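Student: Sequence:
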Amino acid sequence: VQNALVNYSDEQERRDRLDQAVRQSQLAVDLAAEQYQAGLVDFLSVLEAQRALYANEDQLVQSQTSVTTNLVTLYRALGGGWSAGSVVSPNVRSSGFSLH
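431 is the number of the first residue of the sequence shown in my numbering; add one for each residue after it.
There could be a bad hint or two in this list.
Ranges between beta-carbon positions, derived for each pair [claimed, not checked]:
{"hint": "1", "residue 1": "Val502", "residue 2": "Leu457", "range": "16 to 24 Å"}
{"hint": "2", "residue 1": "Gln456", "residue 2": "Thr498", "range": "37 to 45 Å"}
{"hint": "3", "residue 1": "Gln450", "residue 2": "Gly511", "range": "33 to 41 Å"}
{"hint": "4", "residue 1": "Leu435", "residue 2": "Ala485", "range": "27 to 35 Å"}
{"hint": "5", "residue 1": "Leu508", "residue 2": "Glu487", "range": "15 to 23 Å"}
{"hint": "6", "residue 1": "Glu443", "residue 2": "Ala468", "range": "23 to 31 Å"}
Source of the hints: derived by calculation from the structure; they are not laboratory data. Since the model is a prediction, treat every value here as computed from it, not as a measurement. We treat Cβ as the ideally placed atom computed from N, Cα and C, and that holds for glycine.
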């Protein structure tokens with residue numbers, strides 16, 4: 431349980447840092463685009479800023495996935511769980527479709 435809690439907490443902190451990095455990267459892209467429009471930098475600067483933004487966004491999505499996975503792991507470590515019937519949509523159950 432302790433490992434699951436630590437993993438969940440650590441990943442939340444990482445996700446928050448990555449969220450801030452994405453916001454800062456977006457500002458860098460905006461600034462580079464403005465500088466390009468003013469003729470102060472070449473378009474490569476805009477592309478490099480965009481590449482950094484996309485890399486940070488990718489890491490953020492991966493971290494968000496890890497937070498969710500770690501939350502499920504923590505929930506299960508605390509004794510939580512679910513049966514197959516509780517996960518199935520009520521529409522599927524009423525349709526007569528069987529998971530077995």
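Student: Evaluate each hint against the coordinates.
Tutor: Here's how the hints hold up against the structure:
no., hint, verdict
1, Val502 - Leu457: 16 to 24 Å, "violated, 34 Å"
2, Gln456 - Thr498: 37 to 45 Å, "violated, 23 Å"
3, Gln450 - Gly511: 33 to 41 Å, "holds, 35 Å"
4, Leu435 - Ala485: 27 to 35 Å, "holds, 29 Å"
5, Leu508 - Glu487: 15 to 23 Å, "violated, 32 Å"
6, Glu443 - Ala468: 23 to 31 Å, "violated, 38 Å"
Violated hints, in rising order: 1, 2, 5, 6; the structure is consistent with all others.
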